[in-house]
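Sequences listed follow chains A and B, in order. The letter at position 71 of the first sequence is residue 90 when you use my numbering, and the numbering goes up by one with no holes. The letter at position 169 of the second sequence is residue 170 when you use my numbering, and the numbering goes up by one with no holes.
Keep in mind that the hints were calculated from the coordinates and are not lab data. All of these numbers come straight from a predicted model, not from anything done at the bench. The reader is advised that the hints may include incorrect statements.
To be verified - Taking beta-carbon pairs under 7 Å as the criterion, some of the chain B residues facing chain A (in silico):
1) Pro45
2) Leu134
3) Gly143
4) Leu146
5) Cys159
6) Gly163
7) Gly166
8) Tyr204
9) Val205
10) Tyr206
11) Asp209
12) Tyr221
Stated by the list, open to error - So these bits of chain B aren't anywhere near chain A, every CB distance computed over 12 Å:
13) Lys6
14) Met27
15) Leu53
16) Ser56
17) Arg135
18) Leu140
19) Glu164
20) Leu213
21) Ser216
22) Arg223
23) Leu231
24) Ile271
Note that CB positions come from ideal geometry on N, CA and C, so glycine has one too.
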Amino acid sequence: MALRLKIVTPERVVVDAEATELMAPGVVGEFGVLPEHVTFLGGLDVGVLRYIEGGASKSVVVSGGYAEIAGDLVTILADDATPAAEIDAASARTALTVADQAVQTGADTPEEVDALLAELKKAHVRVQTVS
Amino acid sequence: MANLKDIRKRIGSVRSTQQITKAMKMVAAAKLRRAQDAVEGARPYAEGITTLLLSLSGRVSYSADPLLSAGSGAPAHVVILTSDRGLCGGYNANVNRKVSEFLASEEGTGATLTACGRRGNDVFRKVVGERILRTHVNLKDGLNLSLAREVADDVSACFARGEAGSVYLVYSQFRSAISQVPVVEKLLPLEAPEAEDGEALDYVYEPDAATLLTSLLPRYVRTRVYQAMLEATAGEHGARMTAMDSATRNASEVIDRLTLEMNRARQAMITTELMEIVGGAEALKG
């Protein structure tokens, strides 16, 4: 038995694979999915989603969205998703520095601060994934 | 009859125009293909979001969220999607006409606008002036996802604050390369998509359904705006391709006509010369 995993962003289908197991960053904590999982709908946080395809573990950085599990079909609707293999280490570090500075500078409204912090977290996760 | 040199010059200039229109047609065709791929690529996400909204909306008391409430009596807000560049036939004119009609029907209520694309902005800047609240022009990568997010969040906030009573999208729907239909679409207040038959799945929600729905609605609005933008982009390239194709064909016709005229002028010149020679010879004989 395997899971059919689909990771979809507003622009394209990023991953469409047969996975035996997956770990996803839910908003209320990381959760794991194996076949025969209960029908489930959850929010996703910024973080790394890991799945095992043909015995090899793969990672995808996702930032926000939803995970829907119905039968053996797992659909991840992410705001943004990048497979770890596609992340460029140097540009990820630059992005982290930029985001860090932006947070230091601060912002006017609480919404803007939230957006900056989210950006920082995203950059941080990316750097951690590649290094 | 025009002289030979002038006609030759005109043929030359029409021919170089034709080369440009032909090149533009090829570029538009390539961009159209990319735009159509983008429309295809965006479909799975849009379908997923709509399905989620359907399953959640059945479970949560609906009218709680400001994006779903019927809206205040405030004036309508219109988001116009046009292109930055012209030379695409009636594409922008059709959208602008639709907007004018809509504004005429809302006459006196003080409807406000968001203009994406220079062609719409330029036209309505003159008509409604300050009532264009936001403009997005000279877009380097066209109508893309980050712009869709910005516009969607902006109009949602405007609606939630009660500054706009309703929000409409006016854009060209892409049917085929030769047919784009301008449409007015209601964006806000959100209407729940029609449920299809078949029982809803009994999900375990994490966090609870109401929280999920609240975070889902802005995403749904963004998706709707993004899809409209993709359609508009495909429509623009389709319209440009068709317009440039007929321009190329027209140029061929003009070249044919001018060539005919040039041959006639040449013939006439030869005849005149012959007549002169014959006349001269006759005169010498006498």
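Exclusion check [leucine 140(B) not at the chain A interface, CB over 12 Å]: holds, 17 Å
Quick one, is the leucine 146(B) hint okay against chain A at 7 Å, beta carbons? holds, 6 Å
Quick check on the hint: tyrosine 204(B) CB to chain A CB, less than 7 Å? Holds, about 4 Å.
Report holds or violated for the interface hint on glycine 166(B), using the least CB-CB distance to chain A and a cut-off of 7 Å. violated, 23 Å
For isoleucine 271(B), is the shortest beta carbon distance to chain A beyond 12 Å? Since the minimum Cβ distance to chain A is about 66 Å, isoleucine 271(B) lies beyond 12 Å and the statement holds.
Next item in the hint list is proline 45(B). Is there a CB on chain A closer than 7 Å to its CB? Given a least distance of 5 Å, the restraint on proline 45(B) holds.
Mind checking the CB of tyrosine 221(B) against every CB in chain A and telling me if the closest is under 7 Å? Violated: closest Cβ of chain A sits about 11 Å from tyrosine 221(B), beyond 7 Å.
Is the nearest Cβ of chain A still more than 12 Å from the Cβ of lysine 6(B)? Correct as stated: the minimum Cβ-Cβ distance to chain A is 56 Å, above 12 Å.
Supplied contact hint for tyrosine 206(B), tested at 7 Å Cβ to chain A: holds, 5 Å
Just double-check methionine 27(B) for me: nearest Cβ-Cβ distance to chain A has to come out over 12 Å. holds, 25 Å
Against chain A, is leucine 134(B) within 7 Å by beta-carbon distance? violated, 18 Å
Measuring from the C-beta of glycine 163(B) to each C-beta in chain A, is the shortest one below 7 Å? violated, 18 Å
Going down the numbered hints, you'll see the structure goes against 2, 3, 5, 6, 7, 11, 12, 15, 16, 20, 21, 22, 23, while the others check out.
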